[in-house]
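Asker: Here is what each chain is made of, one letter per residue.
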Amino acid sequence: MQRDNLYKKCCDILEVSPDASMSEIKKSYLHLKELYSSTSIVSMALEDEFTASDKAEILAGIDNAYHELMVLVKQDLPDIAGGEPGNNEAVVGIIAEIDMFDGPALKRIRKKMGITLDDIARATRIQVQYLSHLEHDNFEKLPPEVYTRGFVASYAQALSLDVKSVVTDYMVRYREWKSHHHKGGTLVGLMTLFKNRKNKF
Amino acid sequence: MKEIWAIGGGKGGIGKSFIISSMGNYLARQGKKVVLVDADLGAANLHTFLGMGRPENSLTDFFENRATLSALRVKSGIDNLELLAGAIHSMVPENIKYAQKLKFFRHIKKLEADFILIDLGAGVHFNTIDTFLLADKKIVVIVPEITAIENMYGFIKNVFFRQLMNTLGSNGFKDEFKAAWEGRLANGVTTLKQFVEHLKRVSAPMGRIIEDELAGFRLDLVLNQIKFNREKRIGNSVKSICLKYFGMDARYVGHIGVDDFIVSSINNRQPYIETYSESKCAREVAAITHNLMDDQQMKI
Numbered sequence: 023m024q025r026d027n028l029y030k031k032c033c034d035i036l037e038v039s040p041d042a043s044m045s046e047i048k049k050s051y052l053h054l055k056e057l058y059s060s061t062s063i064v065s066m067a068l069e070d071e072f073t074a075s076d077k078a079e080i081l082a083g084i085d086n087a088y089h090e091l092m093v094l095v096k097q098d099l100p101d102i103a104g105g106e107p108g109n110n111e112a113v114v115g116i117i118a119e120i121d122m123f124d125g126p127a128l129k130r131i132r133k134k135m136g137i138t139l140d141d142i143a144r145a146t147r148i149q150v151q152y153l154s155h156l157e158h159d160n161f162e163k164l165p166p167e168v169y170t171r172g173f174v175a176s177y178a179q180a181l182s183l184d185v186k187s188v189v190t191d192y193m194v195r196y197r198e199w200k201s202h203h204h205k206g207g208t209l210v211g212l213m214t215l216f217k218n219r220k221n222k223f
Numbered sequence: 003m004k005e006i007w008a009i010g011g012g013k014g015g016i017g018k019s020f021i022i023s024s025m026g027n028y029l030a031r032q033g034k035k036v037v038l039v040d041a042d043l044g045a046a047n048l049h050t051f052l053g054m055g056r057p058e059n060s061l062t063d064f065f066e067n068r069a070t071l072s073a074l075r076v077k078s079g080i081d082n083l084e085l086l087a088g089a090i091h092s093m094v095p096e097n098i099k100y101a102q103k104l105k106f107f108r109h110i111k112k113l114e115a116d117f118i119l120i121d122l123g124a125g126v127h128f129n130t131i132d133t134f135l136l137a138d139k140k141i142v143v144i145v146p147e148i149t150a151i152e153n154m155y156g157f158i159k160n161v162f163f164r165q166l167m168n169t170l171g172s173n174g175f176k177d178e179f180k181a182a183w184e185g186r187l188a189n190g191v192t193t194l195k196q197f198v199e200h201l202k203r204v205s206a207p208m209g210r211i212i213e214d215e216l217a218g219f220r221l222d223l224v225l226n227q228i229k230f231n232r233e234k235r236i237g238n239s240v241k242s243i244c245l246k247y248f249g250m251d252a253r254y255v256g257h258i259g260v261d262d263f264i265v266s267s268i269n270n271r272q273p274y275i276e277t278y279s280e281s282k283c284a285r286e287v288a289a290i291t292h293n294l295m296d297d298q299q300m301k302i
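Residue numbers (this note's numbering), protein chains in the order written: chain A, 23 to 223; chain B, 3 to 302.
Just so you know, these hints were derived from the structure itself, not from any lab.
Treat the hints with care, since some could be wrong.
If you want the ones that stay clear, here's a sample from chain A, every Cβ over 12 Å from chain B, calculated [claimed, not checked]:
#1 LEU28
#2 TYR29
#3 LYS49
#4 ASP70
#5 LYS77
#6 GLY83
#7 HIS89
#8 MET92
#9 LYS96
#10 GLN97
#11 THR138
#12 ARG144
#13 SER154
#14 ARG171
#15 HIS202
Think about it this way: if two alpha-carbon atoms lie no more than 25 Å apart in a straight line, the pair counts; the simulated SDA-like pairs of lysine to any residue are [claimed, not checked]:
#16 B:LYS301 <-> A:GLU56
#17 B:LYS195 <-> A:ALA175
#18 A:LYS30 <-> B:THR193
#19 B:LYS159 <-> A:THR73
#20 B:LYS195 <-> A:SER65
#21 B:LYS301 <-> A:PHE72
#22 A:LYS49 <-> B:VAL191
#23 B:LYS195 <-> A:THR170
#24 A:LYS77 <-> B:GLU233
#25 A:LYS31 <-> B:LYS195
#26 A:LYS31 <-> B:GLU213
#27 B:LYS234 <-> A:LEU68
#28 A:LYS30 <-> B:VAL191
#29 A:LYS77 <-> B:LEU245
#30 B:LYS195 <-> A:GLY172
#31 A:LYS77 <-> B:ASP296
#32 A:LYS55 <-> B:ARG235
#33 B:LYS301 <-> A:GLN151
#34 A:LYS30 <-> B:LEU187
#35 B:LYS13 <-> B:GLY259
#36 A:LYS55 <-> B:ASN189
#37 A:LYS77 <-> B:GLY249
#38 A:LYS77 <-> B:ASN293
#39 B:LYS99 <-> A:THR73
#40 A:LYS30 <-> B:GLY259
Quick caveat, the model's predicted, so the values are computed rather than measured.
From the three backbone atoms N, C-alpha and C, an ideal C-beta is built for every residue, glycine too.
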């Protein structure tokens with residue numbers, strides 16, 4: 023309860039809603055930092071009214087809220103996984119059987135740990151729909167590569183898995199799909215072009 | 003449930019009439035019953051935005067006791083949308099007496115409609131501000147220009163000060179408020195925020211009223227006439243300054259770009275939002291209207 027209140031208080035100062043994603047929080051934080059540490063047409067009209075120390079106080083509040091929020095988010099991570107997967111034999115068994123961390127494998131591990139997608143969403147600030155696409159290998163529904171990589175890493179971290187091997191496995195298959203996808207596109211394009219020509223002549 | 007929306011912003015020529023008439027038009031086409039009130043008493047021309055000629059009767063007839071407010075409504079030619087016309091040059095906010103103003107407010111609230119949309123003139127006269135304060139949704143228009151932003155701060159500071167004075171006055175603290183205002187400089191108070199802190203300090207009951215009654219006070223910001231994507235953030239910046247410098251709750255409900263066809267539509271007496279309903283600006287107006295209806299901030 024106390025944690026939630028503190029979380030909300032920090033979100034208020036950073037001017038985001040408590041269900042904002044990590045990237046939204048960061049974006050707002052950077053925007054506010056810039057706003058109160060420089061002069062723009064928005065603040066110029068108030069130069070006489072608010073002093074440098076007013077600005078400094080606001081800036082300190084923003085920095086403090088952001089750092090507190092980061093601490094809270096980090097605290098959330100090990101909590102939901104209940105410590106190392108090594109503590110749970112059944113989970114260790116499953117992980118030992120897995121030779122490739124793909125979406126369905128990650129889902130199996132998560133289910134065995136008794137963790138819901140909502141739990142992960144809360145800890146990682148990633149929207150549930152993306153987590154679900156991730157588990158179903160719906161690559162076409164996932165964001166561009168750099169973001170997907172980040173999502174996979176956060177997911178693995180939330181389950182206390184070996185982040186590096188999960189990301190490597192997952193991204194190999196993602197890139198494979200991506201290269202096919204793009205080639206496919208070109209191929210279809212060429213075929214259509216060819217077809218059109220045939221019709222023309 | 004009936005809702006009153008008012009639009010203000012301090013400076014003239016920033017698109018207040020265009021925005022409020024477009025929102026009214028949009029709401030009417032969604033099947034809502036709308037009355038547009040042209041309370042820009044010095045330079046009323048909302049009818050032009052609706053593609054109408056100047057109506058014969060106007061608010062002047064109401065203030066001079068020749069007609070009831072309800073009888074002055076005229077059809078706009080758009081289903082569900084009626085207009086209460088203002089009067090050009092014949093009236094200025096200064097000329098309205100206190101009793102007339104109260105009567106005006108009473109009758110506005112009684113108008114039969116789903117939405118009553120009030121267009122206000124530029125400036126910070128207290129009659130303009132009081133009309134603004136009447137509304138459930140207090141819409142403030144800004145454009146990315148320093149002069150407009152300066153005027154906007156002047157406007158919202160006046161709005162907030164007036165709200166503070168009205169609230170404390172109606173709770174029996176009129177004299178205390180006046181005394182605190184007169185003694186502000188001696189107490190080192192130079193900003194609005196400091197004045198609010200000062201009021202809370204001198205009297206705990208006043209502090210409680212400020213906490214309770216001003217908690218629901220909120221402004222809805224619309225950023226108009228943006229030419230570049232990067233300007234969108236000005237809305238977030240102004241919202242932040244309202245919160246952090248003035249301690250006023252504000253929401254950024256959306257932005258609208260520029261489109262040459264807006265001016266040509268007005269000149270041709272065609273409502274832009276109808277003629278160009280699929281244009282970018284028309285969709286932006288629609289999104290803002292929905293955010294206001296749904297009580298939510300703009301989606302990033």
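Asker: A separate judgement is required for each hint: does it hold in the structure or not?
Answerer: Here's how the hints hold up against the structure:
1. LEU28: holds, 19 Å
2. TYR29: Fine: 18 Å to the nearest Cβ keeps TYR29 (chain A) off the interface.
3. LYS49: violated, 8 Å
4. ASP70: violated, 9 Å
5. LYS77: violated, 9 Å
6. GLY83: Label violated. Min Cβ-Cβ 8 Å, cutoff 12 Å.
7. HIS89: holds, 18 Å
8. MET92: For MET92 (chain A), whose nearest Cβ neighbour in chain B is about 20 Å away, the distance exceeds 12 Å, so it holds.
9. LYS96: holds, 25 Å
10. GLN97: Answer for GLN97 (chain A): holds, closest chain B Cβ roughly 27 Å.
11. THR138: holds, 26 Å
12. ARG144: Holds, since 20 Å exceeds 12 Å.
13. SER154: holds, 21 Å
14. ARG171: holds, 22 Å
15. HIS202: holds, 33 Å
16. B:LYS301 <-> A:GLU56: holds, 21 Å
17. B:LYS195 <-> A:ALA175: violated, 45 Å
18. A:LYS30 <-> B:THR193: With a Cα-Cα distance of about 28 Å, the restraint between LYS30 (chain A) and THR193 (chain B) is violated, given a limit of 25 Å.
19. B:LYS159 <-> A:THR73: holds, 18 Å
20. B:LYS195 <-> A:SER65: Distance of about 16 Å is within 25 Å: holds.
21. B:LYS301 <-> A:PHE72: violated, 30 Å
22. A:LYS49 <-> B:VAL191: Roughly 35 Å separates the two Cα atoms, so the pair is violated.
23. B:LYS195 <-> A:THR170: Between LYS195 (chain B) and THR170 (chain A) the Cα gap is close to 45 Å, so the pair fails against 25 Å, i.e. violated.
24. A:LYS77 <-> B:GLU233: holds, 22 Å
25. A:LYS31 <-> B:LYS195: Within the cut-off at roughly 20 Å; holds.
26. A:LYS31 <-> B:GLU213: holds, 17 Å
27. B:LYS234 <-> A:LEU68: holds, 20 Å
28. A:LYS30 <-> B:VAL191: violated, 31 Å
29. A:LYS77 <-> B:LEU245: Status holds; Cα separation ~13 Å.
30. B:LYS195 <-> A:GLY172: Violated, at roughly 42 Å.
31. A:LYS77 <-> B:ASP296: Since the Cα atoms of LYS77 (chain A) and ASP296 (chain B) sit roughly 34 Å apart, the hinted pair is violated (cutoff 25 Å).
32. A:LYS55 <-> B:ARG235: holds, 13 Å
33. B:LYS301 <-> A:GLN151: Holds - the C-alpha atoms of GLN151 (chain A) and LYS301 (chain B) are around 18 Å apart, at most 25 Å.
34. A:LYS30 <-> B:LEU187: Not OK: LYS30 (chain A) and LEU187 (chain B) at ~36 Å, beyond 25 Å, violated.
35. B:LYS13 <-> B:GLY259: holds, 18 Å
36. A:LYS55 <-> B:ASN189: Roughly 31 Å separates the two Cα atoms, so the pair is violated.
37. A:LYS77 <-> B:GLY249: Status holds; Cα separation ~14 Å.
38. A:LYS77 <-> B:ASN293: Violated: LYS77 (chain A) and ASN293 (chain B) sit about 31 Å apart, past 25 Å.
39. B:LYS99 <-> A:THR73: violated, 40 Å
40. A:LYS30 <-> B:GLY259: violated, 33 Å
Consistency with the previously given hints fails for numbers 3, 4, 5, 6, 17, 18, 21, 22, 23, 28, 30, 31, 34, 36, 38, 39, 40, ordered from lowest to highest.
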